[in-house]
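Protein sequences, first through last, are from chains A and B. So this note's numbering is basically just the index in the first sequence, starting at one, shifted up by 925. So this note's numbering is basically just the index in the second sequence, starting at one, shifted up by 196.
Hints are not guaranteed to be accurate.
Pairs of lysine to aspartate or glutamate, EDC-like flavour, derived with a Cα cap of 20 Å [to be verified]:
{"id": "1", "chain 1": "A", "residue 1": "996", "chain 2": "A", "residue 2": "1009"}
{"id": "2", "chain 1": "A", "residue 1": "982", "chain 2": "B", "residue 2": "296"}
{"id": "3", "chain 1": "B", "residue 1": "253", "chain 2": "A", "residue 2": "927"}
{"id": "4", "chain 1": "A", "residue 1": "993", "chain 2": "A", "residue 2": "942"}
{"id": "5", "chain 1": "B", "residue 1": "209", "chain 2": "B", "residue 2": "271"}
{"id": "6", "chain 1": "B", "residue 1": "253", "chain 2": "A", "residue 2": "952"}
{"id": "7", "chain 1": "A", "residue 1": "983", "chain 2": "B", "residue 2": "271"}
{"id": "8", "chain 1": "A", "residue 1": "967", "chain 2": "B", "residue 2": "296"}
{"id": "9", "chain 1": "A", "residue 1": "982", "chain 2": "A", "residue 2": "1009"}
{"id": "10", "chain 1": "A", "residue 1": "983", "chain 2": "A", "residue 2": "1009"}
Since the hints were derived computationally from the structure, they do not count as laboratory data.
Listed below are the residues making up each chain.
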Amino acid sequence: GENVEQHPSTLSVQEGDSAVIKCTYSDSASNYFPWYKQELGKRPQLIIDIRSNVGEKKDQRIAVTLNKTAKHFSLHITETQPEDSAVYFCALLAGGTSYGKLTFGQGTILTVHP
Amino acid sequence: KAGVTQTPRYLIKTRGQQVTLSCSPISGHRSVSWYQQTPGQGLQFLFEYFSETQRNKGNFPGRFSGRQFSNSRSEMNVSTLELGDSALYLCASSLEGNTEAFFGQGTRLTVV
């Protein structure tokens, strides 16, 4: 079945630095890869996503890259700010009949120090 | 456009009882998925409904069930509650189940 490994589990950076979170997966049929940000006590919020026919996608300070051959995808946050502090989850949607079934990584606690 | 709405926000139940949680998806979204979030297990998929039909189910015991109504609203039910069922239950809606999914604020269930 689907499996997603997310690293690192915790990440501490200084304001203005970049942060990178990486996820690896096993199912080559996976075709949709979203990233969610969850602040304490709040709902997971979709921040960026990428489909399997695209290698990179950017949205202001956030970018996601996908390497289908190596089966990994990464979240890049540049010029980090204290409000970026949260738990970040990668996820994927497998192909075939896996409608609505997101498989999540274990999460990365990002702390941005002012 | 209103977001995904879950009710109630908080619940305290006793072992052995049953509970029903509700989820109203974003208008126009026909797919509703349910997830259990715990510190130890993270976010785990429970099931997904589309047009009143369950299309996918996760690895949870039969005590966990759900349904979807013709207006796409969904409910999940947990019977014979156990202490280990204490968790944040999240629902997510999407147009068809293979596109962007948006989460509700969740129902925090505590079983005592």
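Hint check results:
no.	hint	result
1	A:996 - A:1009	26 Å, violated
2	A:982 - B:296	15 Å, holds
3	B:253 - A:927	14 Å, holds
4	A:993 - A:942	27 Å, violated
5	B:209 - B:271	17 Å, holds
6	B:253 - A:952	18 Å, holds
7	A:983 - B:271	36 Å, violated
8	A:967 - B:296	18 Å, holds
9	A:982 - A:1009	19 Å, holds
10	A:983 - A:1009	16 Å, holds
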